[in-house]
Every structure is written in C-alpha cells, then in structure tokens.
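Enquirer: Chain by chain, the residues run as shown.
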Amino acid sequence: MRIVVPVKQVAALDDEFELLDDGAGVDPDFVERDLNEWDTFSLEAALLLSGAAGEGEVVAVSVGDDEASEALLTCLAKGADRAVRIWDDALQDADVLSVARVLAAAVERESPDLVLCGVQSSDAVNGATGVALAAHLGLPHVAVVSGLQYDAGSGTAMVERELEGGLIEVVTIRCPALLTIQTGINEPRYANLRAIKQAREKPMDELALSDLGLDDEAVTATAGARRRRLRPPESGGGAEIIEGSSAEAAARIADIVKERMSG
Amino acid sequence: MSVPAAEEERPVARDPKYDILFEPIQIGPKTLKNRFYQVPHCIGAGSERPGFQAYHRAVKVEGGWGAVCTEYCSIHPESDDTSRVSARIWDDGDVRNLGAMCDRVHHYGGLAGIELWYGGPHAPCMESRATPRGPSQIPSDFEINIHPRYADKDDILELQKMYVDAALRARDAGFDIVYVYGAHSYLPLQFLSPFYNKRTDEYGGSFENRARFWKETLEKVREAVGDDCAIASRFAVDTLLGPASIEIGEDGVRFVEYVDHLVDLWDLTVGDIAEWGQNAGPSRFFEENHEKPYTGVIKAGDHTDKPVVGVGRITNPDTMVAIIKSGQFDIIGGARPSISDPFLPKKIEEGRPEDIRECIGCNQCISRWEIGGPPMVCTQNATAGEEYRRGWHPENFSKAANADKGVLVIGAGPAGMECAMVLGKRGMSAVHLVEDASEIGGCVNWISKLGHSDGKENLARGTARGLGEWARITNYRQIQLDKLRNVEVHLNSRLSAQDVLEYGAEIVIVATGCHFATDGLNPATHAPIPGADTSLDWQLTPDQVVKGEKPIGQRVLVLENEGYHMGASVAQRLAGEGKQVHLMTQVGDIAGYMEYTLEAPMLHRDLHRLGVGIHTYTMLERIEPGACHAYNIWNEAHKEVFEVDTVVLCTQRLSNHELYHELKSDKAALEREGIEGLYLIGDAAAPRMLVDSIFDGHRLAREIDSPNPAMPLPFIRERRLWGEVANSDFDTQLFGTPDVAPV
Chain A
118 MRIVVPVKQV
128 AALDDEFELL
138 DDGAGVDPDF
148 VERDLNEWDT
158 FSLEAALLLS
168 GAAGEGEVVA
178 VSVGDDEASE
188 ALLTCLAKGA
198 DRAVRIWDDA
208 LQDADVLSVA
218 RVLAAAVERE
228 SPDLVLCGVQ
238 SSDAVNGATG
248 VALAAHLGLP
258 HVAVVSGLQY
268 DAGSGTAMVE
278 RELEGGLIEV
288 VTIRCPALLT
298 IQTGINEPRY
308 ANLRAIKQAR
318 EKPMDELALS
328 DLGLDDEAVT
338 ATAGARRRRL
348 RPPESGGGAE
358 IIEGSSAEAA
368 ARIADIVKER
378 MSG
Chain B
852 MSVPAAEEER
862 PVARDPKYDI
872 LFEPIQIGPK
882 TLKNRFYQVP
892 HCIGAGSERP
902 GFQAYHRAVK
912 VEGGWGAVCT
922 EYCSIHPESD
932 DTSRVSARIW
942 DDGDVRNLGA
952 MCDRVHHYGG
962 LAGIELWYGG
972 PHAPCMESRA
982 TPRGPSQIPS
992 DFEINIHPRY
1002 ADKDDILELQ
1012 KMYVDAALRA
1022 RDAGFDIVYV
1032 YGAHSYLPLQ
1042 FLSPFYNKRT
1052 DEYGGSFENR
1062 ARFWKETLEK
1072 VREAVGDDCA
1082 IASRFAVDTL
1092 LGPASIEIGE
1102 DGVRFVEYVD
1112 HLVDLWDLTV
1122 GDIAEWGQNA
1132 GPSRFFEENH
1142 EKPYTGVIKA
1152 GDHTDKPVVG
1162 VGRITNPDTM
1172 VAIIKSGQFD
1182 IIGGARPSIS
1192 DPFLPKKIEE
1202 GRPEDIRECI
1212 GCNQCISRWE
1222 IGGPPMVCTQ
1232 NATAGEEYRR
1242 GWHPENFSKA
1252 ANADKGVLVI
1262 GAGPAGMECA
1272 MVLGKRGMSA
1282 VHLVEDASEI
1292 GGCVNWISKL
1302 GHSDGKENLA
1312 RGTARGLGEW
1322 ARITNYRQIQ
1332 LDKLRNVEVH
1342 LNSRLSAQDV
1352 LEYGAEIVIV
1362 ATGCHFATDG
1372 LNPATHAPIP
1382 GADTSLDWQL
1392 TPDQVVKGEK
1402 PIGQRVLVLE
1412 NEGYHMGASV
1422 AQRLAGEGKQ
1432 VHLMTQVGDI
1442 AGYMEYTLEA
1452 PMLHRDLHRL
1462 GVGIHTYTML
1472 ERIEPGACHA
1482 YNIWNEAHKE
1492 VFEVDTVVLC
1502 TQRLSNHELY
1512 HELKSDKAAL
1522 EREGIEGLYL
1532 IGDAAAPRML
1542 VDSIFDGHRL
1552 AREIDSPNPA
1562 MPLPFIRERR
1572 LWGEVANSDF
1582 DTQLFGTPDV
1592 APV
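Chains A and B supply the protein sequences, listed in that same order. First residue of the first sequence: 118, per our numbering; consecutive thereafter. First residue of the second sequence: 852, per our numbering; consecutive thereafter.
Bound conformation, chain A alone (with noise of 0.2 Å):
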C-alpha cells in the first residue's frame, strides 16, 4: 500500500513581528520555520496505517524551496520513507489552486492508495490545498477527519467527522481516496537523534515543473487568487488596563461588574 501525504513547510510568527516595507509579507527575520502542524498528524496517520499493514511506502511530498526540505527531513525522520519536493521559481507567489495543480501532477506519478492531507496549514489558513488536490486528482474526498480506520481487503475506509453538538458522522469511502486530517486524531510520534541523522541517508526527489510535464502556464492559468497586502488588525477600544495592587484591581473590577449588570 502506497500512502501520500502533502505537507508544507510553514512560517511561524513571533510573538512580536515587522511586516515587509511593501505589506505583502512579513519580514523572514520574525518568522521560524517547521512543519505544518496538522500535516504531523496526517504523517502519522499514514505512519499508523503503513506500521499497521507491516508493507507499503509512504511518501512525503511539498511543494517549496531548499528550506521545505526541512520538513521533509523531519517527515523521513519520523518515519516516511521517501520524500518529493517541486520547486521552481515561478512558483513563488502560487495560490492554493496553483500548489494543488502541481501537487496533483507529482501525486498521479505514486499512484497512491490513500492521500492524507493535513486540513488546513497555520500560516495561509486555506483550508483548500487538500480538497482541490481530490478534484485535480478526480478522487472521492472526506474533510476534516477525526478518526479513520483502513479496510486493505475491500479497498474501502471507514472515517469519522465531528460535527455540531458533538455528533459523529460515519462515513464510508472507496478507495484511492484523499483524506484531510484534523489534529487530534492521533498523538503524533517524535524523531529520536539518530532517526534525525539517518534521515539524510533517505532518498528525496527534487523535481522541477518540467520533470512533472508543467510549465510556468500551467501555474498561472491555474492561478485566481493573488495577496495584495497584510494589515494588523486595528488595535481596539472598549479596553481598561487595571493598575494597582491585586486587591485594588480586584475591588476595580467588581465594580465593572456592578455597573454593567446595573445598566
């Protein structure tokens, strides 16, 4: 069984950040970089299944430059068996729709069993890169999964959502399919030192848009979305800083209570 998980090497704001002079961006000198978050939970649901069917490859892949190889590393690290990375410069302001088409010429080359994205990343909050990836792909998808459960025998999944007030809806799913992974499903395994080093010694494939038969057309004429700036939010009112001892603030703040629920 062949797994593909997606997966994105995101930036990660300090507590205190700059934006770049022309607001596009923020400045790299405030931003870490890891992997995804949600994308650690679809690995190690892929890392489960593949541990669980004792056969089979999973198979990182992103879409990014020399530094996403890091997440890479850290998905061959945990487990993964082989990583692609796609790269090429035209594909430095790509939108959702544009990592999804590429996405989806890398992943029709694995004929895959399973793709399991995260939901969503936590720095561009699309939510959209998994569920545009099933459309290019032309396979059956189920969102912001909970639980899943794999049937080899039959081809099919068995996976679970949450929805409002709790409920759980079952879902079953003919497979090929593609899977979005909520956080939560599984608590996510840790590289120890040495899987670190050896991960270096796993292959990883680095593709340009031409070794996937695209060009920088493709990108563009899949593109429809373009960022024109970040702005901070405006700092709001209605706000009181309380100064003064703790019982000082204490007896400050009953008397807000007081007053609203008089008024």
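I should point out that these hints are in silico values taken from the structure, not numbers from a laboratory. For glycine and all other residues, C-beta sits at the position ideal for the given N, C-alpha and C. Check before you lean on any hint, since a few could be wrong.
These stretches of chain A come out as covered by chain B in the derived footprint (C-beta under 8 Å, 3 or more residues) [claimed, not checked]:
1) 306 to 313
2) 358 to 364
Calculated cross-link-like contacts (lysine-lysine; reagent style BS3-like; alpha-carbon spacing at most 25 Å) [what the hints assert, rightly or not]:
3) B:K1518 <-> A:K314
4) B:K1197 <-> B:K1250
5) B:K1334 <-> A:K314
Fit chain B to the supplied structure of chain A, relying on the hints for placement.
Expert: Showing chain B alone in chain A's frame:
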C-alpha cells in the same frame, strides 16, 4: 563589550512605558544612572573573598543595575559577626580587597555602596573575642547569651570615631555611597528604640535623646566624607514590635524628618533582626511590594526631600513603574531579585521582559548566610556566587568544544530542565529533553501546590499564600527552552534502556528524579517503620497528598523526618483545608531549615492558628489502621498513641536511578551504540533541595566539554596562600572556560 548577535539582527527598543525606570537621579554628589539599585545583602564573600565580592556585585552592574552595595560591613573588630560572614573595613588590607569591587563596579559604569555596620550585642565577636558595646545592657534577642557593655559617653565618642574612620577608609577604597546602617536593629537603631535603649542620660528617654547617637554619627560621617560620597541611611520605619519600639506613625516618620538634612538617600525597611523575614519576606507569606504600607508612607506623606529606595521582592517591571509613578519610592531596590536575575534591568531595556528570571521567594540565598559560612546560592540562578570561583556568567555561555554531539536528557524536572537549557545555550547541535509526564517541571509541578492559601491574615503581617511562586522555576525554563531552536522537548514519553541505547545520542544525561520512601525508611532509625505502606489507601507520600489520588480522613498524622519544609507544607495544606493535623518529628523543632529561610516564625504562627499539634523528639514505632504508636526518642518507654484516619509519611526520598544503572552495567552496548558519556544528575543521583538539583544540572552542562564531566572541575578557593602571592596565582586555577572576563 560585544553586543549579542541577536540584538544586532533585531533591535527592539524597550517599551516606552518603562522609560521612567531609566531616568537618572541625583544622590548627593553622585548620579545614579537609572532606578535599579541593589540594596546591601549578604553573599558570604565579605572582605576575605575579594574575587567573589567584586565579580558578583559587578555582574549586576553589567546587567544594568545602577548601583550595587556590599553586604553589612563591619567598621571595627568590636562588631564581628563570626561565624556569619560580613564584609569588614577594619584596615588597609580591607580597603584593598573591597577596592577590587569598586574598580570592577566602576568599570561597568555603576555606583558602589558600602553599608557601615556596628552590631552591638547582635555581633557575638567569636573571632575577634572583643566585647561589643550597646546603649543599655540588654542581651541580644537574635544571638544566644550575648550581652553588650554599657556605652558611657567616652565610649559613644569612640564608637562614632569608628564610623568616621571606616567612612574615610571606604572613601579611599573608592565607594560612592556610604551608609550609616541602623535597620535590622543594629547600633544606631538600638539607640533610637526604647526596646533596646533604657538610658536616662541625654542619649535616652525622649525622642531627641534617643535619636542623638544616630544624628551625631550622621553629622560626623557627613563632615568626613560628605563632599566625596553620598550619605545613605538604612532605617526600619517600623520594627513591628508595637509601641515598645519604632512605629511608622510615631518615631518612624519623626526620625526621617529629624535627620533628613543629613542624608542623601533613604534606604527603608521594616522589621527587626530577630524576625527579619518580615523584611526579606518569603513568597509563602508575602506578596510582591509587601512593605508598601510601611515604607511607602515616608515619601507619599511628604516626610522627606531626599530620594527613597525601598524593597519588597519586586520583579515585575509594571509594578516598578507603578511604584515610581505613585510616589511610593524613587528607586527600585532589589536584593533577591538582583540575585535571581543580575540582568533584570537589561532585559527590560532590550524589550524582552519575558526573559526575566524572577525570584521565587524561597530564601535559599538567605539560608546560607543564616547557617554562617557557606557562599550564597540561588534556586533560580545557579551562577549566583559562582561568577569568580567558577567563571560562570548568568547570560554568557561559551560554545561547547564538543558542540557537534547530540544530547539526550531524560527527565524534565529541575535538574533536567536546567541542564537541557544550558546545553542549548552552549550551542550543542541537538538536545532532546524527554519527559514521561504531560508537562515539564517534574516535582516543581506538585511542590508549587503545597502550603495553602486561604488568604487569611496571619498574625503579624502577610497571609498564607502557598508555594505558587515556586512555579516560576518551570515558567522561566519553559520560555527559554521554547526559544532554543537546538532543543526539542518531548512529553508523554517514557524511555526504556533499549530506547536510550537506540536513541542516537552521543551524550546521555539521566535526570529521573526521586520518590518518597513508601515503607517509612527514615534518617532517624535507618530502617522501615513496621506497618508503614503507602500503597494502602490511608497512607500517603507528600506528592500523593497533592495529586489527590486518595481520600484523606479528618484526623491526619504527618511524620516529618527531612528537616526542611515538606512535612510542614503538607500539614499547612491539610490543616488549611480544615483537617485536624498532628505534625511529628524526631528532632527538636519541626522544619528546622526554615529557620534559615526565615519562614519559620510565620510558619509557626500559621500552624498555631490552624490548630496543628506539634510533636518534637518523637518517632513512630509502628503504624496500625487507625492508630500510630509513637515514642519519645530520649526515653523509648515514654509512648503515645495517635488515633488518626490518615498517615502522611515524609521520611526520606530515594533516587529513581534504575535506568542509569541498567545502562551503565552494559558498557559494551553503550560503546556499540556510540554513547560516549552517561551522566546522572539531580535527585536521581541523590535527593536534595531544588536549589542543589538545579545547580547540579547547570554544573554538568557548563562542564560538558571538560575532560571528565562527571567530576566537577576545581574552583578557585580564595584563601591565604603562604609566601609571595599574585592574583594570577588564583585566576589560573580556573580549569574550565570562564564566561566571565577579567577586567
């Protein structure tokens, strides 16, 4: 001074709301560059360990404190506090040794203060064999059986000359601020307070008469050195003894107004010496800025025209701003906060207040002075007192020579957290801190829930607050570990020896903590107690009390054999919850070490208030359901039966060292798996106090690249070397890589 790389990359200006803390202020002829002032506090250096003295004080100036002072500094052999360690400025040799402190403090751009001290009957003169003088022949309420000689008028002139001579020597040594120290019930305050002063001449009786000695001494010292040095006085505005002594509304205010023209700086405190924990308040009973109702009155009530510095374990920059803006003090004084974080001001200035290592108020620093002799220690700052003798700096960490190695630290308790953090700061390529539990902190997580906090007024002052502030041990390290990109923390992960062997780390550090004896094994009898078994649901270890895994009956007996706080903390918590508690110990006092941490007086008041029965010199012979059979250790025939529902056994602890020994026993496997170093630290090596566990973790990390990291490197011992000696004879004894630079 090189600027840290991180700052070059990312200049973050301090928050403008803190600007007021960085405004200069004039103190007589001297300018204090900002509002951070290390008030005099003991460290165990004195004048006999000039390297310790100079390096410890100066590292704080390097960290932004505008002024630092010596500890109390004896002006004459008649004021000899042996075996406690004071500074001394008795002769030219002391001038030379304390001059080293002044030079180093000035190098970093700060002011140096000296606290001139004459103890009277509170100084037992055990080295000098001299006879202390005092206003009246009242024996010390702090020392055992020390009576002063009555000072007649000639004696008074001699005593004042001692102050003047000492002040001149202090000026020659290079001090900028010269104190006439009275607070904590030393000689000038002994004259002022009717608690000590029973005279009927012009130095006793009326306020003016009682104030005369202090006033004249200030005049003479000012006359001698006032043009060159700022004159400070440290004064307890209320000794908390009621009308018998100094009260804030009476002589407290009156005295400040009376001699205000003679001082350039007021350093204000509360309390006396016999219970000076009212000043150096432990967090168990006192919150931040707890002296405000007393010391805050002087400036707020417009009783002085001079700058005021005050204390109260103030670690929060917002509190500091509020204190200055509200007119409580002009200058933020710190003793313990400066020990815990010598770089507190710099961290505010650099816009990273989250890096402040806040004092937890455990008073371990004070305990070593109280014991007499040992150098000061700090739970939060393992480098305190080690600046010179080990070359440790609180913020600089040289890159380890073996930084290419990967390190596995097993156990994220006090020792493991500290070790992993320091290894991270020393630039090890990869540090994995692996913890069995779901959060880091180890025993701190339950110890910080001890004591109790019913918030009730606890007699003298303060309230029962519990040990919540001790959680700062974990909070600080959590923040630092999060920032270190080369450190990974993994929770909910228990490693077997096989897991460790296969981990791929070249260096393995076992910090797996300890557990309480489950069978009553104890330091009194060196044997289990028949019937003791904490697997039963009515017998508990202290951690089980906090974790709430077993029901606790209404009648509880706590057996406390450790001598520190644990049994008392458990008793305090359970009694605070309304249980009927007996606290039993084999020695003459419960929680003896808490005398040294100054927690004992308030603890005793609290246990008394809560109705805890205290049984000393008593041990358990056997434990049966519903009945604890006890005996008096001086007469085993003297027996007593305690009918209780629940027993808490705080007898002794045992290391969790099985993993270490299993790994160590298979040297071939270690070699095969490439493990070059295997070390055991903290409670896992030997159960100890938090302060020593953290030190142990820090020590190993600082020396991880030494020839044999398991064995501490020698440290500089500042003792007299026979024959001709140069400073280099000491300095070259540092075998490690010192992070503190000579000046």
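Enquirer: Give me the numbers of the hints this structure contradicts, sorted from smallest to largest.
Expert: Going through the list in order, the structure violates no hint and respects every one.
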